[in-house]
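Peer 1: Go ahead and model the full structure; you've got the sequences and the hints to work with.
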Amino acid sequence: MEDPRGDTERHQPPPSLWPVGFAVGIVCLLVGLVVSWAVAAVGAALAAVFGFLWARDVVGHRSVELPAPAPDEPAPDAPAVPAQAGGAAMPPTQPGERYPRSVFLENATLGLGAVIGVVVTVPAVGFAVLPAFLKQHQHEADLGPITDFPEGQFIVATFIRDPSQGDITRRTAYIRNNGLLKGVPSFTCISNRCAHVGCPVQPGGPVFDNKKQTVKTKNGDVTLTPVLPAAGFICPCHGGSYDQEGNRIAGPPVRGLDRYEFLIRDGHLVLGNLYSVAKVTGTGANAKITTVELHGPGQHVDGPEAWLYPLQPPH
Amino acid sequence: MEQMALYPLDWLEERSGLVGGVRYFLFRKVPGDTNWFHTLGSATLTAFLVQLVTGVILAMYYKPGTNTAHASIDHIQHDVTLGWLVRGMHKWGASVFIILMFLHMGRVFLFGAYKYPRELNWIIGVLLLATGLFEGLTGYLLPFDQTAYWASVVAININGTAPFVGPYLASLLRGGAEIGPDTLSRFYSLHMLLVPGALIGLITLHLYLVVRLGVSSPPWSDEAAGDPREPEPPTARAGLVQTRPRGASLRGRPTE
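Chains as they are written, first to last, in my numbering: chain F, 39 to 353; chain L, 9 to 264.
It cannot be assumed that every hint is accurate.
Think about it this way: if two alpha-carbon atoms lie no more than 20 Å apart in a straight line, the pair counts; the simulated SDA-like pairs of lysine to any residue are [to be verified]: (1) F/K173 <-> L/L180; (2) L/K71 <-> F/D340; (3) F/K173 <-> F/L332.
So, partial list: chain L residues that the calculated Cβ filter (under 7 Å) puts toward chain F [what the hints assert, rightly or not]: (4) T169; (5) P175; (6) L180.
If you're looking for bench data, these hints aren't it; they were derived computationally from the structure.
Please read all numbers here as calculations on a predicted model, not as lab measurements.
All residues carry an ideal CB built from backbone N, CA and C; glycine is no exception.
Peer 2: Listed below in structure tokens is the structure:
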């Protein structure tokens with residue numbers, strides 16, 4: 039492609055170190071995403087600065103000239119010609135002048151407009167996007183005294199996780215008291231959210247509604263109903279089946295059921311955060327649970343597909 | 009008598025040119041062998057307009073909020089005069105809109121009406137399809153009954169399984185890590201404000217291109233669209249309303 043200035047040889051940018059700085063910035067950005075936000079910010083700044091300098095080098099320091107005056111224009115050293123005379127209303131560029139005032143003003147207007155646009159848009163977009171990711175935390179659920187949980191018996195517990203939000207935070211968990219493990223109470227607390235697309239999983243066995251009891255705790259009313267999930271847990275939506283430890287037996291789910299962390303406080307069973315489970319071996323108090331960070335339904339936690347979900351938003 | 013009816017139109021036309029524009033749109037040339045299949049696009053537009061109007065009316069009675077939404081729908085259905093009719097039109101109109109959109113898409117595809125110079129119109133149509141489906145998705149949650157809630161749970165979780173950005177997309181749709189009051193407000197805002205705005209903008213672009221590029225003949229046509237036609241005879245009418253369509257523009261091109 040011919041150079042528009044009329045030179046016949048291609049102008050290559052001189053060798054420069056800007057690409058190196060840009061690469062270092064990208065690496066810092068990616069490493070920082072895993073390690074720490076400060077490093078990521080430094081990396082982003084480096085990449086931006088060096089990227090800009092590199093791009094400017096590549097595009098080249100082309101001189102910006104006014105459009106040439108009309109061919110029937112008088113001699114270039116004539117004084118300023120009014121616009122009606124048929125030419126530019128400013129003196130034509132003197133040799134050596136590369137950045138006329140009009141171009142500067144035009145660019146300054148556009149730049150200022152862009153700055154104003156950014157200042158107005160970024161906070162608004164931040165308001166739309168960020169609250170979904172900030173200040174996310176899970177609420178504790180007090181399920182009542184542990185004496186309400188007979189050993190070896192599965193109990194369906196429904197509770198309100200966040201009383202200030204009300205009924206929409208109602209959740210269900212399948213709780214089994216496993217007795218004592220090395221002198222400490224052991225519970226299996228399985229979430230009823232199917233790992234396929236999130237339908238509520240049902241117990242595969244009779245639910246003894248006549249033995250339901252309601253306990254008043256600081257989370258409001260908690261209903262506890264004994265159940266005998268002989269066939270494990272089955273999801274009514276698409277037929278996903280899990281065993282009594284929450285491992286996937288059959289169906290479309292990609293992993294087992296999630297579990298709740300729990301603690302015993304003042305003799306009450308208190309459920310904490312949810313976490314996802316890669317595998318459970320053994321049963322009851324002797325179960326060995328391979329835990330991972332909480333993943334959404336349908337997201338693999340092991341195997342090659344797990345590489346598709348490297349990062350999770352804050353829970 | 010006719011003068012009395014025409015006078016306001018002439019007044020408007022002289023000051024804005026709008027009447028002439030409407031005439032141009034309504035009386036533009038189309039190929040002689042257009043058939044009923046070509047009505048599917050207008051039918052989709054009509055369904056959308058019905059949704060707009062019924063949606064505005066429903067929004068006067070609907071109360072978004074996890075505790076009030078379902079009760080307000082109940083109120084519309086049973087207490088508000090003809091509320092059952094408007095709600096029913098909106099509910100079924102949504103399905104009609106989606107079905108007509110797919111039929112229209114199929115018609116355009118099978119007629120080859122996406123080829124040069126109408127490629128951009130096809131792309132806008134694809135965007136309209138995605139936006140229309142998203143409108144349906146956000147609207148589905150609003151009654152906030154069991155069907156609405158669990159269908160939205162499943163839809164959001166399916167979005168969450170997209171690689172890499174899936175979990176973040178799901179959090180963005182939900183307005184947090186769990187479905188809550190923020191989810192309903194978010195879906196309502198999208199359904200009422202953002203997505204209809206996008207739909208109106210895209211439909212305007214779509215219609216502009218249809219008028220500018222003209223209608224193409226069916227594939228079995230043996231006349232090349234765009235053949236010269238006799239000019240419309242001028243009608244004897246007083247006033248400044250133009251009797252000829254302005255400009256020729258690109259008439260329908262043959263499909264091959």
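Peer 1: Next, verify each hint and record whether it holds.
Peer 2: Tested hints:
no. : hint              : in the structure
1   : F/K173 <-> L/L180 : holds, 14 Å
2   : L/K71 <-> F/D340  : violated, 43 Å
3   : F/K173 <-> F/L332 : holds, 16 Å
4   : T169              : holds, 4 Å
5   : P175              : holds, 5 Å
6   : L180              : holds, 5 Å
Violated hint: 2 only; the structure is consistent with all others.
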